[in-house]
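Protein chains in written order, with the working numbering: chain A, 1130 to 1323; chain B, 1130 to 1323.
Treat the hints with caution; some may be incorrect.
The list makes no distinction among identical chains, and a pair is therefore deemed to hold if it is satisfied within one copy or across any two copies.
The list that follows gives simulated cross-link-like pairs (lysine-lysine, PhoX-like), each with its CA atoms no further than 25 Å apart [claimed, not checked]:
#, residue 1, residue 2
1, Lys-1256, Lys-1286
2, Lys-1262, Lys-1152
3, Lys-1138, Lys-1180
4, Lys-1206, Lys-1195
5, Lys-1252, Lys-1291
6, Lys-1256, Lys-1206
7, Lys-1131, Lys-1223
8, Lys-1206, Lys-1138
9, Lys-1223, Lys-1152
10, Lys-1152, Lys-1131
11, Lys-1180, Lys-1131
12, Lys-1291, Lys-1256
13, Lys-1195, Lys-1138
14, Lys-1152, Lys-1252
15, Lys-1138, Lys-1216
16, Lys-1195, Lys-1180
Derived from the structure by calculation, the hints contain no laboratory data. These figures come from a predicted structure and were not determined experimentally.
So you can see what is in the structure, the chains are spelled out below.
There are 2 protein chains.
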Amino acid sequence: MKQPDSIVKLINKFSSLPGVGLKTAQRFAYSIIDMSEAEVSDFCDAMMSVKSNVHLCAECGNFTEKEVCDICLQRDKSVICVVAYPKDVLALDKSGTYRGVYHVLHGTLSPLDGRGPNELNIKSLLKRLDGVKEVIMATNPDVEGEATATYLARLIKPLGIKVTRLAQGISIGSDIEYADEVTLDRALDGRTEI
Amino acid sequence: MKQPDSIVKLINKFSSLPGVGLKTAQRFAYSIIDMSEAEVSDFCDAMMSVKSNVHLCAECGNFTEKEVCDICLQRDKSVICVVAYPKDVLALDKSGTYRGVYHVLHGTLSPLDGRGPNELNIKSLLKRLDGVKEVIMATNPDVEGEATATYLARLIKPLGIKVTRLAQGISIGSDIEYADEVTLDRALDGRTEI
Chain A
1130 MKQPDSIVKL
1140 INKFSSLPGV
1150 GLKTAQRFAY
1160 SIIDMSEAEV
1170 SDFCDAMMSV
1180 KSNVHLCAEC
1190 GNFTEKEVCD
1200 ICLQRDKSVI
1210 CVVAYPKDVL
1220 ALDKSGTYRG
1230 VYHVLHGTLS
1240 PLDGRGPNEL
1250 NIKSLLKRLD
1260 GVKEVIMATN
1270 PDVEGEATAT
1280 YLARLIKPLG
1290 IKVTRLAQGI
1300 SIGSDIEYAD
1310 EVTLDRALDG
1320 RTEI
Chain B
1130 MKQPDSIVKL
1140 INKFSSLPGV
1150 GLKTAQRFAY
1160 SIIDMSEAEV
1170 SDFCDAMMSV
1180 KSNVHLCAEC
1190 GNFTEKEVCD
1200 ICLQRDKSVI
1210 CVVAYPKDVL
1220 ALDKSGTYRG
1230 VYHVLHGTLS
1240 PLDGRGPNEL
1250 NIKSLLKRLD
1260 GVKEVIMATN
1270 PDVEGEATAT
1280 YLARLIKPLG
1290 IKVTRLAQGI
1300 SIGSDIEYAD
1310 EVTLDRALDG
1320 RTEI
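Please put together the full structure from these sequences, using the hints given.
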């Protein structure tokens, strides 16, 4: 027996969220029906207000509600950590040890998908290199992430700025037994004296 | 570094969905930012329209957009399958073998949580028993589900109507080795000749 149209439509909307399959979307839709009208309207307001208030920081390209984000306003601008997406800023900043600023590329170089340097937030990175001592490449350790890091390093190094890459090796809490060969190779290459 | 207020608010809203933790909620919120304004507004419309269009079927208590749901309108009314929640109708009806109607209680008896018979959709069940040959109890096989089934059976059996319970036993595809004792007990009790 078919479900009511409006429920089917909402299930489809929820299915468009990352990692949400049909069954989870169904569960979400049913929980929306169980909410009060005020709660649902609040939920919608929150969604719409994110779309209208949040835009990209004029300096780093991260999400912010201001012209320039809090991190760019308050942190040490002599070190820039370059990431692919805003969610990576979130992950890196959680550790709390890094005191520099970020720069969000909004993607990685991918010739196959037609994403060249002009599609990424690279120009504004080159504009903010005055007085910068170090640029840390924190793109993912996959083909596209590595290519992007190498490309940027070639642009930035000639300006006399130190370019570094996040260390690659075994994750804390993981098992050497189950680590793949490339990870183990990198871990051996980057071994440090104790 | 704190995230923008509107993002934090949206993350909180997503966290209120069943089974969604902070990290998943964050992922959902960021994917909302990545959507176009039109997509987000569509999403909101779908949420609001579910709240305004979907209500409970006057006969069975399941979700519908009409006065009486399609199942109640089209199916054999001499068999009623009693479930706790609308999502259970969805699960049971997927198999496609059942041709009768449903009745949704919207909960189970739970004296500890203050849910007595008056809090459940029981009165309307008793009103639709004319001409009914069988009532199938399809509440969950837990304490509250069993108590609810037993309570309803005591009300309905004296009216000369057959009351049955979903078979309990080993799930298809599961391992006898890992089945718990109660399930195995029930499976033995309910064994059938081959």
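A quick look at each hint next to the structure:
no.: 1; hint: Lys-1256 - Lys-1286; verdict: within (14 Å within a copy, 81 Å between copies)
no.: 2; hint: Lys-1262 - Lys-1152; verdict: neither (50 Å within a copy, 33 Å between copies)
no.: 3; hint: Lys-1138 - Lys-1180; verdict: both (21 Å within a copy, 12 Å between copies)
no.: 4; hint: Lys-1206 - Lys-1195; verdict: within (18 Å within a copy, 61 Å between copies)
no.: 5; hint: Lys-1252 - Lys-1291; verdict: within (18 Å within a copy, 76 Å between copies)
no.: 6; hint: Lys-1256 - Lys-1206; verdict: within (13 Å within a copy, 73 Å between copies)
no.: 7; hint: Lys-1131 - Lys-1223; verdict: between (45 Å within a copy, 10 Å between copies)
no.: 8; hint: Lys-1206 - Lys-1138; verdict: neither (47 Å within a copy, 29 Å between copies)
no.: 9; hint: Lys-1223 - Lys-1152; verdict: between (32 Å within a copy, 12 Å between copies)
no.: 10; hint: Lys-1152 - Lys-1131; verdict: within (15 Å within a copy, 33 Å between copies)
no.: 11; hint: Lys-1180 - Lys-1131; verdict: between (33 Å within a copy, 18 Å between copies)
no.: 12; hint: Lys-1291 - Lys-1256; verdict: within (16 Å within a copy, 80 Å between copies)
no.: 13; hint: Lys-1195 - Lys-1138; verdict: between (34 Å within a copy, 16 Å between copies)
no.: 14; hint: Lys-1152 - Lys-1252; verdict: neither (43 Å within a copy, 31 Å between copies)
no.: 15; hint: Lys-1138 - Lys-1216; verdict: between (28 Å within a copy, 16 Å between copies)
no.: 16; hint: Lys-1195 - Lys-1180; verdict: within (14 Å within a copy, 34 Å between copies)
This entry does not satisfy hints 2, 8 and 14, going by the numbered hints stated previously.
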